[in-house]
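Starting from the known structure of chain A, fit chain B onto it as the hints suggest.
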Amino acid sequence: MPDGYLLSKLAEMAAAENRSTAVTAETEAMASFLPHSHGTPAGTLAKIFASGKFISKQRLEDRTEWEQYIEFERETLDDVFFYLAPIRFPTGAPAGILLKREIDAERTDACTCPFDTGALEQYFTLPGTESLTSKIATYEVPVEKAGGVLRMWSTVCYDDARSYLDGKEIDCSSPIGVTLMDGCDCRAWTFETRFPGEVDLNPAFIEAIFLGKRRITSDEISDLASWAREQNILYSYRATGNDEQDFKTLKLLSRDYIDRLLEKAAA
Amino acid sequence: MTIIPYKELTIVGYNDLLEETMVPTVVPPVYRWDSDKGIFFLTPPFDAHVEAGVIGGNRLTEADFNAAVQRGDITVFPETGGHPREGYTLWIDQDFQPQYEVGTRATENLKELAKDLVKQAKEVLRAGNRDREALELARRAQSAADDLVDAYLVTAAIHKRAGENAKVGLMQDLASEFLDKEPFNNAVDELLGIGPACFDAPVEKRTMKDVALKPSLDFFQLFSTLAIASK
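Listed in order, the protein sequences are those of chains A and B. Using our numbering, you'd call the opening residue of the first sequence number 5 and step up by one each time. Using our numbering, you'd call the opening residue of the second sequence number 9 and step up by one each time.
Pulled out of the complex, with its shape left as it was, chain A reads as follows:
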């Protein structure tokens, strides 16, 4: 899974549609510093923290269940999933975590794909008759190469590279031939990083933790919040009680954090 194929597809598309390939300080910052994100209910995040690591579904679930999961067919059942983006899908009462890109050097076994693999053939399709695993393998790159691909992707595919951070649809034809299905969303154009097996929660790699104030009401979540505050990485927010609004608040909070991080890096 070299990065050359994806970069060549981007170059082809840029030439065909006369897209700019001029890299800016902003896209450089994004390539190097955009964190990996994971959204989950606060209670789940606290339990993950208490255990010290994220664990793949395969290691958590009963073997008899495996074949029924969408990850089974994609051979990603033993992976831990993050987005290389602001928090995008915080299912449940929203909480989230950002991991620093320094983890890429430590976890060279991880890989990144320019789409959400779980959404492939659920929300969008790719050309060809190969298996799902072949299609995924065609486009995934080692995580340490992800920055280079993201740099060109955000430059070529968007009129304004910041649109990637907003989760907007790309402004050109898909370089990899994505066709959207009914109900598709940013999963078709958001980078996904998969860490095999487990992800140790080494405090050195934690960029930020986001929790709703309404959920800092159990011992475990309170322990997590207290620890994160001491590390100066806690970002809490008030929930409105409207779950749509609260998801938006969390996403905006993580986006604001990332904007500041990238501005600092680009300066």
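Be a bit skeptical, because a hint or two may be false.
Unchecked claim - Which residues of chain A face chain B? A few of them, derived with a C-beta cut under 10 angstroms, are:
{"no.": "1", "residue": "E65"}
{"no.": "2", "residue": "E71"}
{"no.": "3", "residue": "E75"}
{"no.": "4", "residue": "E79"}
{"no.": "5", "residue": "T133"}
{"no.": "6", "residue": "T137"}
{"no.": "7", "residue": "C188"}
{"no.": "8", "residue": "I225"}
{"no.": "9", "residue": "D227"}
{"no.": "10", "residue": "L254"}
Rather than coming from a laboratory, the hints here were simulated on the basis of the structure. Idealized CB from N, CA, C, for every residue including glycine.
This is chain B only, laid out in the frame that chain A set:
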């Protein structure tokens, strides 16, 4: 943009795992979707609930839904509920019973419950030797409404008495949009009986709408029709 009609959706649970100290509170609903392509489950985040139905959401197969339930990410109601409605809010009461009512009314009811809980928490705190009970009441109040400064004060007081200074600081931070650090600490000391003798009760910095609890029997009845009826 696809709109999934409400009539194809049924409320089956919520996307969270709550402990006793985390109710009453608002929860994000999970829907079963009886589509023409089979049965799926829709979890948040939804883009919107509009008049015609739901936009967005994360579609799960039955196996993935069951896995999420097993992991504790999703809590399923013992009995299947009714169809969702635009502008309605799902919340879980102190007995872990689902309530489904117009959003503004849910907020009002939760605020009133929070006020009552924090009042109880202060009484228990002052009684002494029942700090765990007071902490649980204050946490329940915070779960119901995260804009009641007294809930943070009671929790901070209990942590201070236990020597948990990091958690006192956490509460101070969480309440910082309502009360500055010094008056917050003074109010905590006052709750513990070690503050200034003539301390005035803290005034919340924000003007918050203080609305009376309005009868919502019609909505509770509605939910019992919608949510408790078994399929």
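Query - C188 (chain A) as an interface hint toward chain B, with CB separation required under 10 angstroms - result: This hint holds: C188 (chain A) lies near chain B, its Cβ roughly 9 angstroms from the closest one there, short of 10 angstroms.
**Report entry** Restraint satisfaction for E71 (chain A) [CB to CB of chain B, less than 10 angstroms]
**Finding:** holds (8 angstroms)
Query raised in the report: Do the numbers back the hint for L254 (chain A), that is, is its least Cβ distance to chain B under 10 angstroms?
Result: Since chain B brings a Cβ to about 9 angstroms from L254 (chain A), closer than 10 angstroms, the hint holds.
**Report entry** Minimum beta-carbon distance criterion (10 angstroms), I225 (chain A) to chain B
**Finding:** Nearest chain B Cβ about 8 angstroms off; hint holds.
Query raised in the report: Holds or violated: is there a CB of chain B closer than 10 angstroms to the CB of E75 (chain A)?
Result: holds (9 angstroms)
Report task. Mind checking the CB of D227 (chain A) against every CB in chain B and telling me if the closest is under 10 angstroms? Result -> At about 9 angstroms, which falls below the 10 angstroms cut-off, the nearest Cβ of chain B leaves the hint on D227 (chain A) intact, so it holds.
Query raised in the report: Given E65 (chain A) was flagged as interface, is its beta-carbon under 10 angstroms from a beta-carbon of chain B?
Result: With Cβ-Cβ at 6 angstroms, under 10 angstroms, it holds.
Query raised in the report: Can we keep the T133 (chain A) interface hint, with Cβ of chain B closer than 10 angstroms?
Result: Constraint on T133 (chain A) not satisfied, violated at 22 angstroms.
Query raised in the report: Does T137 (chain A) pass the interface check with chain B, least Cβ-Cβ distance below 10 angstroms?
Result: Interface hint status for T137 (chain A): violated (18 angstroms vs cutoff 10 angstroms).
Query raised in the report: Against chain B, is E79 (chain A) within 10 angstroms by beta-carbon distance?
Result: Hint violated; E79 (chain A) Cβ to chain B Cβ min 16 angstroms, cut 10 angstroms.
Hint compliance for this structure: hints 4, 5, 6 are broken, all remaining hints hold.
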